[in-house]
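J.: Going line by line, the protein sequences match chains A and B. The UniProt record's numbering puts the first sequence at residues 1 to 795. The UniProt record's numbering puts the second sequence at residues 1 to 199.
None of these hints come from the bench; they were simulated from the model. All C-beta atoms, glycine included, are put in the ideal place defined by N, C-alpha and C. Treat each hint with caution, since some may be false.
Claimed, not checked - Just a few of them, taken from the derived set where beta-carbon distance is under 8 Å, the chain A residues facing chain B:
hint: 1; residue: 37
hint: 2; residue: 43
hint: 3; residue: 210
hint: 4; residue: 290
hint: 5; residue: 453
hint: 6; residue: 457
hint: 7; residue: 520
hint: 8; residue: 521
hint: 9; residue: 699
hint: 10; residue: 724
hint: 11; residue: 738
Stated by the list, open to error - Between beta-carbon pairs, the in silico distance windows are:
hint: 12; chain 1: B; residue 1: 68; chain 2: A; residue 2: 122; range: 22 to 32 Å
hint: 13; chain 1: A; residue 1: 715; chain 2: B; residue 2: 161; range: 52 to 62 Å
hint: 14; chain 1: B; residue 1: 61; chain 2: A; residue 2: 65; range: 33 to 43 Å
hint: 15; chain 1: A; residue 1: 249; chain 2: B; residue 2: 188; range: 36 to 46 Å
hint: 16; chain 1: A; residue 1: 452; chain 2: B; residue 2: 53; range: 29 to 39 Å
hint: 17; chain 1: A; residue 1: 636; chain 2: B; residue 2: 10; range: 57 to 67 Å
hint: 18; chain 1: B; residue 1: 161; chain 2: A; residue 2: 88; range: 54 to 64 Å
hint: 19; chain 1: A; residue 1: 251; chain 2: B; residue 2: 4; range: 46 to 56 Å
hint: 20; chain 1: A; residue 1: 88; chain 2: B; residue 2: 188; range: 55 to 65 Å
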Amino acid sequence: MAGVTRTPTSLVQGGKTRAGIGESTLRPDGTLKVTGEFAYSSDMWHEDMLWGFTLRSTTAHAEIRSIDTAEALATPGVYAVLTYDDLPTDVKNYGLEIQDTPVLAHGKVRHHGEPVALVAADHPETARRAAAKIKIEYCELPVVTDEASATAEGAPLVHENRTDHHAGHVPHPNIVHRQPIIRGNADEAAKKADVIVSGEYVFGMQDQAFLGPESGLAVPGEDGGVDLYVATQWLHSDLRQIAPVLGLPEEKVRMTLSGVGGAFGGREDLSMQIHACLLALRTGKPVKIVYNRFESFFGHVHRHPARLWYEHGATKDGKLTHMKCRIVLDGGAYASASPAVVGNASSLSVGPYVVDDVDIEAIALYSNNPPCGAMRGFGAVQACFAYEAQMDKLAAKLGLDPVEFRQRNAMEQGTLLPTGQQVDSPAPVAELLRRVKAMPLPPEQQWLSAGEGADVRALPGGLSNTTHGEGVVRGVGYAVGIKNVGFSEGFDDYSTARVRMEVIGGEPVATVHTAMAEVGQGGITVHAQIARTELGVQQVSIQPADTQVGSAGSTSASRQTYVTGGAVKHTCEAVREKVLATGRAKFGTYHPAWATAELLLEGGKVTTDGGEVLADIADVLEDEAIDLELEWRHRPTEAFDLRTGQGNGHVQYSFAAHRAVVEVDTELGLVKVIELACAQDVGKALNPLSVVGQIQGGTTQGLGVAVMEEIIVDPKTAKVRNPSFTDYLIPTILDTPTIPVDVLELADEHAPYGLRGIGEAPTLSSTPAVLAAIRNATGLELNKTPVRPEHLTGT
Amino acid sequence: MRVTFTVNGRRQEADDVWEGESLLYVLRERMGLPGSKNACEQGECGSCTVRLDGVPVCSCLVAAGQVEGREVVTVEGLADFAKQRAEGGGCASGVCGTSVAEAQQWQARPAGSQAGEQAELSPIQQAFIDAGAVQCGFCTPGLLVAADELLERNGSPSDADIREALSGNLCRCTGYEKILDAVRLAAARGDSHTAGQGA
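Isolated chain B, as found in the complex (with noise of 0.2 Å):
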C-alpha cells in the first residue's frame, strides 16, 4: 500500500508497504529517518517515541497505515520544532502543548550541516549534551522527544514531574541522574530566557 503523511513538516510518500510495518520501521527503513530507535519494538523502552499530531508515541507499536494524512515529528526535526514553536509564543502557561493546526502550519528549514558543532540545536538537545546526558545515546532521541514534550506542558516541571513523564523511557548507561540534569537545566534555561524577554 501507498502512505502519506507528514514528517518534520515535509510531506512524504511511502510505495510498497507491507500491511504489518510499524511506522518506525517507514521512518527508518522507508524515509531514511533512523533518528527514532529500534531498542525493543514492543513499546516498552521508549527509544522509538515520536510526536503524532503532537502526542508523544511509541512509534513501534504504530501501524503504518494509521498514520495516513497525519503529522509526525521525529527527533531529526526536534530542533525546527522547537525553534518554530519558539517564535509563535511558545506555551508560556504550561498546559497548551501543541494543536494540529499549529503542527500543520510548521515547515522544516533546510537539513543544516552535519559536520556536528555548528548544528543548531534546541534547548533540550543542547542541555543534554551540556549535562553529560547522552553516553551511548541509544535512548536519546526518544528521551529528547518526551522530555521536549514535558518542557512545552509543564516549563518548571518538579523532579517527581520529571521522572513520571520519563518514565516509559528506558536508559542502560547513565543512571538517569545527567538526563534529570539536562531537563532541568533546559527548564532554567528557558525561564531565564522568558524573563529576559521581559515576558
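Bound-form chain A, shown alone (with noise of 0.2 Å):
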C-alpha cells in the first residue's frame, strides 16, 4: 500500500536442512525480530498520521449527565474529539458472544476505565491533552463486586433488560451463564467415603501482561473503505464485529495483522480496533493509536478472579467417591468470554481424576469489577488450583504419598468426564506425575559457595540481602491438570489454508497464507515445517496474515497448531494430488510406478515410497502454478445440557504435570521457587524447541500467580488499584528458576500427526504445585493466591 512505510512482510524460509516435522526448526521471523526490524503494531506508520486517544471512565458505575467537547475540540492540533452521540450506525455494541460492550459509553459506565470519548490529533500528548478537558459530569451509582452484593436483593442490575441467549436460564440478571453438571449420586456415593474433605479456594484476577501494547493504524481508503493493521488473536473475529459498527462491508475493511507482542488471551476481545477506524474516517487521516501500559490493564480483559467451594471423599484405600463444587466466577463489567469460560471450568473442575459421581454447578457474575474473560487456560486455572489443594488434603488425611494417592485415582484413556464424555485418546496422567516425580532433586543449600560465605541470590529475598539462610525452609509440591484443546460445545472451529505451489529459479517453491494470528507461539515455523514435509520443498514463503484469506479461527485454546496446522497439511496434500495428477498425465506412460506406486514429493523430485526418482517436480510444472484455498475442520463437538451439563462437549485433551521446590524464609515471608520440573504429554512435537519454549512459558505464568500476580479492585469503589508494572509484578528472571522439561509423546490417532494443543496445560499445574510445595514447607494451609507474606507470617 502506497504510503505506509512500515507494515508486516512476507517471510521466506530456505536453508539446506529438511526442516520439516520434529525438528527444531528455527523462526522464519526470527532474524527480524533481532535486529529491530520486526514490525509490531505499535512500529505502524504512515505519512500524516494523527494519533488516537481514549477517554475512560474515572468510576465503575455512574450515570453520565453531560458530556462537554468543546474545549477540547479547540485545542490546537486537534482533529477530531468523538462521543457516543457520533457512532455512524445503529450498531453501537460488540462482544465476542453477547454484543452488551458499547463501542463509547452512553448514558452510563459500568466499569472503571470504560472508553466514553476518543480524540485525534497531530502528537500524543497534543491529543492526551485535549482529551483531559473533556468535562463529563458523572452521577454515581452503587456498585456490585462479588456475588454476595450482585444477587442481593434489590441489587443494581449491571445489564437492564438482557435478551441474550443465556438471559432466559440464569437464575439472576447479574449472572451471565450458569452450568451445572450432575452425574452419578454424589449424595449417596458420599456414603461410601472414609474421609471427607472440603475447602473454600480464592485465586486473584491475573493479567495477561502481553509486552506489546495494544496498538494499531487504521488508514482511510479512497473508496470509503479503511485498512487496519493490528495485532489480536482472531482477525476474522475482530472484522465481524468492526464492520457494522462502521456501517461498512467486511470487503471494504481490510485488515492485517501486525506483528503482535505476545497475548495469551488478553487480545481474543476487541481493544483500540473500532476506535481507530472511527477516527481515521471521520477525519480522513491514517490514526495511529498506541496504548501505555496503564491504559492496557484497562484495554484488556483479564483472567477471571474466582472462588471455588470443594468437597471431596475417599474411600481408606485411596479411592474418590464422590466430588461436589461450586465455581463462582467474576466476569466484571460485561461478557466477554464469561459462557465459555463457566462450560470449561465446569466441565474440567474433576480435574485429570477417575470420579463417577458428581455434583457441580459453575457460574459467571456480572459486577462492576473490570471485564474478564479469555486467559490462557481458561477456566480450566481456577479448578486446577482448587482441585489438587484437595488432592493433597485427602493425601494426607489418609497418610498417603501426594502422587501415590492422585496415580491411584487417574484417568486413564477411556474415562468418563463429568460430561458422561468418553476420553479417546492417550492420558498419561499417572506416568506425567512418575516421571516428573522420578527427576532429580535440585541440591538443598544451593547459596552455599565454597568458603566465601552465602550468595544471596540464591536466597528468599535475594539483593535484598535479608537473610544468609537463617529460617529458610524447603519444600517440595505435585500438581497435575487437564485443559481442553480447541473450541467446545458444538462451536463450528474451522480453519483455512491456502497453498501455492510453483516454480522459481528452476525450485519448486511453496507459499502459505493463512489468517493464523502469529503472536509469538511459533505458529508460522509450523506450517512451514508442514509444506517442507507434504510438498518435498525447501523453501517456503508464509504470507502475512490477513482478512484476503478465509479465517482461520482464533490463536487461543492451544487449538492452532491443530486446526490451523491441519488446514494447512490438508491443503499441501489436495496440492500434491496435484501435483501427481499433473505428473501422471506428462511422465505416466515411461513409468510403470506412476500408476501402481505411492507416491510422495520429496527433495524436489517426485519419488516412490520405495524411493525411487520418477521426475523433477520442476519438470512436473513446469510454468503452472498449482493454488489452493481449503478448509478443514476438527470432529464436530456437542453443547453441554443446561440442566445436567451432559455432552460430548470437548475435541482433545492435554495433560501437564508439574513439581515444585521452593525455599521459604519462614521469618519474613519470602518465596524463592528453587525448581519447576514439568513433565507433558504434546501427542507429537513438530517443533520440539518450541514446545519446550511454550512449556517453560506458561509454567512462569502460573508461577506469577501463585507467588506475585493480581490486579487489585478496591471492592468498595471497583476501582483498580495496581494498574501498572511497578504495582503489578510479573516474574522477572531473578524470580524463575530452571524449568527442566521431560517432553512426552503419545500419539492422539484423532490429529494431524498426532500432535496435542500444548501451549495451556503448563500454566494450570504449575500454580498448584508452588501452593502445594509452600504449603509443605511452613505447615499452613494457604487457600487464596498470590501467596503474599503475611500469609505466611501471619502479620
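Starting from two chains that each stand alone, build the complex the way the hints lay out.
T.: This is how it looks when you write it as C-alpha cells:
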C-alpha cells in the first residue's frame, strides 16, 4: 500500500536441512526480531498520520449526565473528538458472544476505565491533553463487586433488559451463565467415603501482561473503506464485530496482522480497533493508537478471579468416592468469553481423575469489576488450583503420598468425564506424575559457595540481603491438570489455508497464506515445516496474515497447530495430489510406478515410497502454478445440556504435571521457587524447541499467579489499584527458577500427525504445585493466590 | 526544540521536539528506529534499553533533551557495534566496558538486506535465534542490548551473573530459560572464538 512505510512483510525461509516436522527448525521471523526490524503493531507509521487517544471513565458505575467536548475540540492540533453520539450506525455495541459492550459509553459506565470519548490530534501528547479538557458529569451509582452484592435483593442490575441467549436460564440477571453438571449420585456415593475433605479457595485476578501494548494503525481508503493494521488473536472475529459498527461491508474493512507482542487471551476481545477506524474515517487521515501500560491494564479483559468450594470423599484404600463443587467466576461488567469459561471450569472441575458421582455448578457474574474473559488456561486454571489442593488434603488425611494418591485415581484412556464424554486418546496422567517425581531434586542449600559465605542471589529475598539461610525451609509439591484443546460445546471450529506451489528459478517453492495470528507461539515456523514435509520443497514463503484469505479461527485454546496446522496439511495434500496428477498426465507412460506405487514429494522430486525418483517437481510443473484455498475442521462437538451438563463437548485434552521445589524464609514470608519441573504429553512435537519454550513460558505464568500476580480491585469502589508494572508484578529472570522439561509423545490418532495442543496445560498445574510446595515447607493451609508474605507470617 | 545526537554511529537531528518527549519517542517516531520497544514506558520492563555513552539505560526514562551531543546505540546498530568492538580487540579482561572515545570513533555500516537470513548479526543476536530465546520478540531488543553489555564486561558469566544483569528486562513468553541458554551460548562461542585466535 502506497504511503505506509512500515507494514508486515512476507517471510521467506530456505536452508540446507530438511526442516520438516519433528525438527527444531528456527523461526522465519527470528532475524527481523533480533535486528529490531520486525514491524509490531505499535511500530506502524504513515505519512501525515494522527494519534488517537481514548478517554476512560474514572469511576466504576455511574450515570453520565453530560459530556462537553467543546474545549477539547478547540485545542490547536486536534482534528476530531468523538462520543457515543458520533457513532455512524445503529450498531453501537460489540462482543465475542454477547454484544453487550458499548463502543463508547452511552448514558452510563459500568466499570473503571470504560471508554467514553476519543480524540485525534497531530501529537500523542496533544491528544492526551485535549482529552483531559473533556468535561463529563457523572452521577455515581452503587457498585456490585461479588456474588453476595450482585445477587442481593434489590441489587443494581449491571445490564437491564437482557435479551441474550443465556438470559432465560440464569437464576439472576447479574449472572451471565450457569452450567450445572450432575452425574451419578454424589450424596449417595458420599456414604461410602471413609474421609471427606472440603475447602474454600480464592483465585486472584490475573493480567495477561503481554509486553506489546494494544496498538494499530487505521488508514482510510479511497473507496470509503479502511485498512487496519493491528495486533489481534483472530482477524475474522474482529472483522465481524468492527464492520457493522462502521456501517461498512466486511470487504471494505481490510485487516492485516501486524507484529503481535504476545497475547495469552488478552487480544481475543477488541480494544482500539473500532476506535482507530472511527477516527480515521471521520478525519480522512491515518490514525495510530498505542496504549501505554497504564491504559493497557484497562484496555483488555483479565483472567476471572474465582471463589471455589469443593468437597471430595475417599475410601481408606485411597479411591475417590465423589466430588461436589461450586465455582463462582467474576466476569466483571461485560460478558466477553465468560459463558465459555463457565463451560470449561465446570466440565474440567474434577481434574484428570476418575470420579463417577459428581454434583457441579459453575457461574459467571456480571459485576462492576473490570471485565474478565480469556486467559491461557481459560477456566481450567482456577479449578485446577482448587482440586489439586483437595488432593493434597485427602492424601494427608489418608496418610498416603500425594503422588501415589493421585496415581490411584488418575484418569486414563476410556475414562468418562463428568459430562459423560469418554476420553478417547491417551491420558498418561499417572505416567506424567511418575516422570516428574523421578527427576533428580536440586541440591540443598545452593546458596553456600565454597568458603565465601552465602550467595544471597540464591536465597529468598535475593540481593535485598534479608537472610543468609536463617529461617529458610524447603518444601516440595506436586500437581497435575487437564485442559481441553480447541473450541468446545458445538462451535464450528474450522480453519482455512491457501497453498500455492510453483517453480521459481528452477526450484519448486511453496507459499502458505493463512489468517492465523502469529502471536509468538511459532505457528508460522510450523506451517513452513508442514509445507516442506508434505510438498518436498525447501523454500517456503509465509504470507502476512490478513482477511484476504478465509478465517483461521482464534490463536487460543491451544488450537492453532491442531486446526490451522491441520488446514495447511490438508491443503498441501490436495496440492500434492494435483502435482501428481499433472505428473501422471505428462510422464505416466514412461514408468509403471506412476500408476501403481504410493508417490511422495521429497527433496524437490516425485518419488515412490520405496525412494525411486520418477521426476523433478520442476519438470512436472514447468510454468504451471497450483493454488488452492481449503477449509479444514476437527471432529464436531456438542453443547452441554443446560440442566445436567451432559454432552460430548470437547475435542481433545492436554495433560501436564509439575513438581515445585521452594525455599521459604519463614520469618519474613519470602518465597524463592528453586525449581519447577514439568512433564507433559504433547502427542507429537512438531517443533521440539518451540514445544519446550511454550511449556517453560506457561509454567512461568502459573508461577506468577502463585506468588506475585494480582490485579487489586477496591471492593468498595470497584476501582483498579495497581495498573502498572511497578505495582502489578510479573516474574523477572530472578524470580523464575530452572524449568526442566520432560516431553512425552503419545499420539492422538484423531489429530494431524498425532499432535496435541500444548500451550495452556503447563499454566494449570504450575500454580498448585508451587502452593503445595509452600504448604509443605510451612504447614500452612494457604487457600488463596497469590501467596503474600503476610499469609506466611500471619502479620 | 532541536536535538542533535549520534545514533548507531550517525549524527542525527530532530526538529520540533516537544520538551516532554522521551529518547524512546524520538528514536521510534522521529528517527525511524522502532527497534527499541514501548512495553511499559515507565522504566519497569527494559524493552526500550539502549546504550547511552556506553551505559545501558531505559530510553523511556531519558528526556530527549538530555541526549544532546551524546552517543546512543540501539538494537538496530548492535551488530555493527559488536563487530567493531571485536575488530578493535574487544574486551578480553571482562572489565573494560566501552569508553566514550571508542563509542565516538565507531561508524555504522550501510544497512544490510532486510530479507532475513543474509543479515549480519552480532553473536548475541545469533545466539538468541539459535537457542529459541525469541517468541513474540517484544522484549528481545532490550534483552539483546543488556546481554551484549554483560558479555562485554564479563565474557564468561555465571548463571547468577546473567540473572542479575538481565533482572531489569521482563519477558512474558519464554520463562527465561532459553534466554539464559542464549547468553551461555554466546559466551561459549566467544570463548572458543578467542581460543581459536590464540588470544
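J.: Does each hint hold? Answer for all of them.
T.: Status of each hint after checking the structure:
This hint holds: residue 37(A) has a C-beta 6 Å from the nearest C-beta of chain B, less than the 8 Å allowed. The beta carbon of residue 43(A) is positioned within 8 Å of a beta carbon in chain B (closest approach about 4 Å), and the interface hint is therefore held. Because the closest C-beta pair between residue 210(A) and chain B is about 6 Å apart, less than 8 Å, the hint holds. For residue 290(A), the interface hint holds, the least distance from its beta-carbon to any beta-carbon of chain B being 7 Å, beneath 8 Å.
The criterion of a C-beta within 8 Å of any C-beta in chain B is not met by residue 453(A), whose closest approach is roughly 14 Å, and the hint is violated. Interface hint status for residue 457(A): upheld, as the beta-carbon distance to the closest one in chain B is roughly 5 Å, under 8 Å. With its C-beta approaching chain B no nearer than about 3 Å, residue 520(A) sits inside the 8 Å limit, and its interface hint holds. For residue 521(A), the suggested interface contact is upheld, since its CB lies about 7 Å from the closest CB of chain B, less than 8 Å.
A distance limit of 8 Å between C-beta atoms decides the matter here; for residue 699(A) the minimum to chain B is near 6 Å, and the interface restraint holds. About 6 Å separates the beta-carbon of residue 724(A) from the nearest beta-carbon of chain B, less than 8 Å, and the hint is met. At its closest, the beta carbon of residue 738(A) sits 7 Å from a beta carbon of chain B; the interface hint therefore holds under the 8 Å criterion. Taken as a hint, the range 22 to 32 Å holds for the pair residue 68(B) and residue 122(A), whose Cβ atoms sit roughly 24 Å apart.
For the pair residue 715(A) and residue 161(B), the beta carbons lie near 44 Å from each other, so the given range of 52 to 62 Å is not met. The beta-carbon spacing between residue 61(B) and residue 65(A), approximately 40 Å, falls within the hinted interval of 33 to 43 Å. Range check, residue 249(A) to residue 188(B): Cβ separation about 57 Å, and the 36 to 46 Å hint is violated. For the pair residue 452(A) and residue 53(B), the beta carbons lie near 34 Å from each other, so the given range of 29 to 39 Å is met.
Range check, residue 636(A) to residue 10(B): about 59 Å between beta-carbon atoms, so the 57 to 67 Å window is met. For residue 161(B) paired with residue 88(A), a C-beta distance near 58 Å keeps the hint of 54 to 64 Å intact. For residue 251(A) and residue 4(B), the hinted distance range of 46 to 56 Å is satisfied, since their beta carbons lie about 48 Å from each other. The hint said 55 to 65 Å for the Cβ distance between residue 88(A) and residue 188(B), and at roughly 60 Å that hint holds.
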